[in-house]
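Model the placement of chains Z, L and W on the given structure of chain V, informed by the hints.
Chains as they are written, first to last, in my numbering: chain V, 1 to 341; chain Z, 342 to 682; chain L, 683 to 1023; chain W, 1024 to 1364.
Only true hints are included.
Below 20 Å or equal to it, Euclidean Cα-Cα: the simulated SDA-like pairs (lysine to any residue) are:
(1) W:K1242 / V:T125
(2) W:K1061 / V:E127
(3) L:K720 / Z:E468
(4) Z:K459 / W:T1331
(5) L:K1008 / W:E1052
(6) V:K5 / Z:L366
(7) V:K5 / V:F304
(8) Z:K560 / L:K813
(9) V:K38 / W:E1150
(10) Z:K650 / W:K1141
(11) V:K309 / L:D808
(12) V:K131 / L:V771
(13) L:K983 / W:E1052
(14) W:K1349 / L:N706
(15) L:K813 / V:S83
(16) V:K219 / W:P1155
(17) Z:K346 / V:E26
(18) W:K1045 / L:N706
(19) Z:K472 / L:L900
Here chain W is said to cover these stretches of chain L; the calculated rule only asks that three of the stretch's residues, wherever they fall, bring their Cβ under 8 Å from a Cβ of chain W:
(20) 686-692
(21) 696-710
(22) 737-744
(23) 773-780
(24) 875-888
(25) 909-921
Please keep in mind that the hints were generated in silico from the structure rather than gathered at the bench.
Glycine included, each C-beta is placed from N, C-alpha and C at the ideal position.
There are 4 protein chains.
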Amino acid sequence: MYSFKNDYSEGAHPRILSALTKSNLEQTEGYGEDCYTKKAIALLKQKIERYDIDIHLFSGGTQTNLTALSAFLRPHEAVIAPSTGHILVHETGAIEATGHKVISIEVSDGKINTTHIKAVLDAHTDEHMVKPRLVYISNPTEIGSIYTKNELEQISQLCKINNLYLYVDGARLGSALCSAENDLQMSDLGILVDAFYIGGTKNGALLGEALVICHDSLKDDFRFHMKQKGALMAKGRLLGIQFQELFEDGLYFDLAKHANKMADLLKNEISNAGYKFLTHSPTNQIFPILPNWLIEKLQVKYLFYIWTKIDSDSSVIRLVTSWATKEEAVVAFITDLKDLS
Amino acid sequence: MYSFKNDYSEGAHPRILSALTKSNLEQTEGYGEDCYTKKAIALLKQKIERYDIDIHLFSGGTQTNLTALSAFLRPHEAVIAPSTGHILVHETGAIEATGHKVISIEVSDGKINTTHIKAVLDAHTDEHMVKPRLVYISNPTEIGSIYTKNELEQISQLCKINNLYLYVDGARLGSALCSAENDLQMSDLGILVDAFYIGGTKNGALLGEALVICHDSLKDDFRFHMKQKGALMAKGRLLGIQFQELFEDGLYFDLAKHANKMADLLKNEISNAGYKFLTHSPTNQIFPILPNWLIEKLQVKYLFYIWTKIDSDSSVIRLVTSWATKEEAVVAFITDLKDLS
Amino acid sequence: MYSFKNDYSEGAHPRILSALTKSNLEQTEGYGEDCYTKKAIALLKQKIERYDIDIHLFSGGTQTNLTALSAFLRPHEAVIAPSTGHILVHETGAIEATGHKVISIEVSDGKINTTHIKAVLDAHTDEHMVKPRLVYISNPTEIGSIYTKNELEQISQLCKINNLYLYVDGARLGSALCSAENDLQMSDLGILVDAFYIGGTKNGALLGEALVICHDSLKDDFRFHMKQKGALMAKGRLLGIQFQELFEDGLYFDLAKHANKMADLLKNEISNAGYKFLTHSPTNQIFPILPNWLIEKLQVKYLFYIWTKIDSDSSVIRLVTSWATKEEAVVAFITDLKDLS
Amino acid sequence: MYSFKNDYSEGAHPRILSALTKSNLEQTEGYGEDCYTKKAIALLKQKIERYDIDIHLFSGGTQTNLTALSAFLRPHEAVIAPSTGHILVHETGAIEATGHKVISIEVSDGKINTTHIKAVLDAHTDEHMVKPRLVYISNPTEIGSIYTKNELEQISQLCKINNLYLYVDGARLGSALCSAENDLQMSDLGILVDAFYIGGTKNGALLGEALVICHDSLKDDFRFHMKQKGALMAKGRLLGIQFQELFEDGLYFDLAKHANKMADLLKNEISNAGYKFLTHSPTNQIFPILPNWLIEKLQVKYLFYIWTKIDSDSSVIRLVTSWATKEEAVVAFITDLKDLS
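With the rest of the complex left out, here is chain V (with noise of 0.2 Å):
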C-alpha cells in the first residue's frame, strides 16, 4: 500500500538526519539558545529580506498557532478566519481554550477577501461582541488554493487601516512558494503579514515550525509565552539543526517543488483521464471527483483520504505529495486510474 494520506507519512529528508548525526554529542544550550538555531533564524532573516523580525522556533502548527494567536491578543480580541480555517476545524478548539473566538467566515475556495473582512467588522459594533483583531489565512489553503500577491496586499491594507493584525498559517508554505501559480515571495510576507509561520513539519523536517514575527508590538517576552505553553523544547538544537540546514542551501523549496511537482502529475493525468476537481489547487494537494467504485478499486493498493461525498456515485478524495513522493508511485496510481477506468 502506498500512501498518498498526507505529507508527514515518511521521516525526514536524509540530509537532515546526517545534520543531526554529525552534530549529536557536541555540548549546546538549550531551550533554543544554541549555535544552531540561532545560525537557522540568521538564515531564515536573509531569506526573508528583513533583519529587525523575531523568529522562534516550534514543534507543530497547532502549538505555533494557539501560541501565537493567545500571545497577541487581549482576552475579548478574536480571530477572524475561512470557514475551512485549520484553527477552526481541526485543531480541537485550541484558540478558544486559550479564551478566544474564532469568526468564521463561509468560504468555497478556502481564501477570505476584504469584503468578507469588512463584514464582520461591520457586524461587532460594541462591547456585547466580541472586538475582531486578528485575521488568519493559511496559505496554502486547507483545499490547496493559493493567495496571489495582490489579495494580499488588499488583505493587508485594509487590515492596517482597521487595526487588526494579519497572520498567516504556513504548514505548507514551501508548496504555495513554489507553486506554478505563485507570484509571492517569501520577503513579500515579511512586509505584508505581521506574523507568519513557515512549515516544516510537512516539507521535510522531523518537525518544526518557524514563527515570524514582523509587528514590534507583538513581539515582547514571547519566549514566555513559548514556555507556558510548552513550546520551548529543552533541546531546541533539534529544531535549530533541522532549519539551518533545509535554508542553507534552498533546500527547503527543492522539496516543495518536488512535491508540487508530483501533484501536477498527478492532476493533469487524472484531468486527462476525463475527471474533474472540487478546487483548483496549485499545491500539493489535489481533490479530484471520482466514481466510488473506481475509489474502491483504488483503495486496494493506495491510502487517501474521501475528503467528501458528491452525490450517490461519486466522492472526493484527497491525494497529498510530498518531498518523499516517488515518482514511480505516482505513475503507478495513474496507470492503475487509468487501467480501472
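Below, chains Z, L and W without anything else, positioned relative to chain V:
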C-alpha cells in the same frame, strides 16, 4: 568548556539516531497511530506490569504536565505541590494558564509528606476556596532527592482516602529508579499513583516523555486534550521509535545508571576534598557548596549553574550528569577541583 | 420619549421593592444561605414539580450562562447553538473565554432542530475536532419565536441518545411560557432539559436569574464555580427575596402575561396598518418591517432599536414590551404610527 | 441571636432603598449608560479629585478583582499578593481561573512592603518563570490593619520603577479611610495607585463596588472585559443610584465611621476586660483572643466566626461591625462578656 549545566546538552543516544535513520523512509500513520508508537507503548506496559493503563507520548515535560493536569481537573480544582516543584517555579505558570491554582507547600528537601497534604486539606473547607484535587510530586525531586517506596505508599493511601489524584513528574525518573538508594520499581508506580510520566528528553532521547494514566476515570478522550494543547505530533513515530529503542532491552536504565555513576563519582570526590552539599542527592544532580573563589576558577573550564548563595564567601553550584557525560570530563573536573583547593 | 428598546428600562415591580424594604434590617446569612433564598428555591421546585433538582440564583444572564457551561463541560467539549443565540452574538465571547468553542448553526427563525444537531455530530468525528457536548437553545429565542413541546421533546430525546446535555437560556422564559401559542409547562422543562434558567431581570426583578440543574452529574460542587466566576453575591438575600415575591402567588406569570398582551396589541395594530414582520413572534419582542421615513418620524417620540436593513427603503425595528409597559404608551405608539402612515 | 459575623448581614441603608423606590418607574438606558451611573461617577471623580480616570460599577468584589486583573495582564504576567489577600484565599482561585498565577508573600499583619516585592522580583529572572506585573494589596487588609500614606508611597514608587501595576482591593475602603489611625485620602489613592475599588456592599449598599482606573494604559476597551465576565448589569442604574446616594453628601463616610466607632467600642471594652487581640486593627473587624469556655457561652446569644485556634484553651474570634450595627447590641455583647468573665 565542558558543561555540567544540564542533562540535555547533547543530542540523542546514537542507537536512537540509528533507529530513526533505519526507519526513515517507511510510510506510517500520523499523530501517534503508527506501529512504532504502538510497540513502544506495549514495551512500557510490560515494564510497568499493567495492561489496563493508557500511555501517550509527548514532546516535553511542561507540555505533559499542563495537558495532563488540565485534562484531569475541573475548573475549581487545584493542585498541591512542593515549593520546589517544577510546575511551581520553572514552567511560567503553565498550570495556572489552564485555570488551576497550584497550592505551594514549603519544603526544604523537595519532598512532601502526608502531614503536609493533610494541612492543606484542613485549610480548604468550603466553596470560597479552591478544592485541592491532585497531588503533584517529582521523583527525583528538582533538588535530587528521591521518595522511598514507603513514603510513596503513605502518600498514595492518603490520596485515595481523600479523593485526591496522585501524579508523579518523572522528568528524571530513570535516575531515581536507578539510584543506589532507591527501593521503588516502575511497577510500583503503576499501582501507587494515578498518573506519571517517564522522561526521555533528559535520559537519552532527542525529545519525548511517556505519560502513563493508571486511573480509569482519567483516560477518557485524552487525545482530544493532547490535540487541543498542541501536543499531538504529526510525525508521532519520532517519539515511538525513541521509546521503543529505550525500552526494548533496558537502554533507558543503562543510560540512567551511567548518569548516576558519574554523579556519584563527583559527589564522593568533592566530599573527599572536604566540601559539603546543600541536599542529599542520590541521583544525577548534585549541589556542592564551594567557596566563591574556587567556583570562579572552575568556571574558566566548566559550565554549571550557580544555584544559590550561602554567604558572602560560598555558594551552591549545581552539577548535572547524563547518559552522555564522559568519565574523563568528570575525572578532569575532580582533579582541577582538588588541585585548585 | 417612551422607550420600547428593551425590557429592562425600569426598576423592579413595586411589590419587590416593598419586600426588600420590609426585610431590610433583618440579619441573615450571606452568599445565598439565607432563609429567603431557601424559600424562593422551595417555591421554584414546587412550580417545576421536581424536588431532586438544584437551584442557584445569579445576578445576570451572561454570568449564569458562563458559569453553568464552564462548570458542565470538560476542556475539549463544545457547545452547539443557533447562530442567533445570545452566547454567540451578545456576550462578548464569554463562553470562549472559559475555553469552549461554540459551534454556530445557521438558522432563520432562531430555533434549531434535530437535523441541525445531527449534522454537527456527523461533522465531528475524531480528536482533531472539539467534541460537541451541550446544546444551547433560548426559549423564547432572541427573535421572539418559541419551541413547542413536541420540538423540545425531539431535541431532548436526540440529546439523551447522543450523550449531549440540553440547556435552555430562559432570559425571557416567562414570556415564552405565557405566550398564547405555548404548550410547554415549567414542569416539562424539568423533565426534558438538563439545566435551564428562569430569567428575573427581564420580568420584573431588579436583577436575578434562577439556574435549575436537573441532571445529577451537573450538580456537584456547583457553588465553587459560582464563587470562582464572581457570581456568589454577598447579600444573596437580594435575589432570594425577589424570586420569593415573584413565585409566591404567580406574580412572575402575571407580569409576563402583561408584557405579551402589550406586544400582541402592538403586533395586531401594526399588522392592521398593513405592515409585515421579520419573524413570527408570539412573545414580548416583535420585529415589524417599516418604511425608513416612518421609522424616522417615530424616533422623534419613541426609543427602539433598528434591528436590520431590508432594502434601501425599509428596515426592521425591534419593539420590546415588559411588565412595566404602559398600555397608554402602546396606544399612543399605534395611533402615531397609523396617523403617520 | 445578634450577628457580628460580617458586614453584609443586613440589606441596604434606608436612604438607598428610598432612592431606588423613588426612581423605580423611570425609564433609563441599560448596562450602566444611565444618568444615575453617570452622576455617581461624576461624584466619585470629584471625591478622588481627578477627572481623567475611568470608573466602572460592579456587583461584587470577586467579580471586580477577576475582571480587572484579567483585563490588565497579559497571559504570562502574574500578581504579587500578601498571603492573607482575599484573591489568594477566599475567591476560589478566581484569578488563576483567568490564567494568572498569584505569587503569595508570607505576612503576619496582612501587609506587604517594598522588601517583599523586591524579593519576588529578584526571584523571577527569566522566561521559565512568570513575570510579576501587578501588586495586589487590600486596604484595610483582611485582618483589619491599614496602610499608612508613607507605606503606600514607598510601594507606589517601587512599582513605578519596576513597571509593576499597583492595585488596591477596597472592599472595606470606607473603614480604612475613616479609621482614627488613617492618614490617607481618597485623592491620594488616585495618585499613588493604578487601579483600586471602593467597596459598597460592605458599607451600606445592597451590592456594588466602584472600580477606579487611574493608569491610562489600563482603560482601553474595559467594558468589553466587563461584559465578557458577566459583570455588565442590564439594570446598571441599580448600582448608579446607590453610589450616587452614598457619595452625594458623605453618607459613605458616615456609615464607615459608625462601623469603626462600634468596633472601637468593642475593642476598648474587650481590652478593658483583660483580653488581647491577634492583630492591631483600627478598622471594623477585630480579632480578640478569648478563652474557649467564654466563646462557647457568647455563642449562645451571638453569631461570629472562630478565626483560629491559639492553643487548647483559647481561640481568636472575629467580630465585624457595620453601618447597621446597633450600639445597644454592642453594649449588650460587652456586658455579657464582662458578666461571663
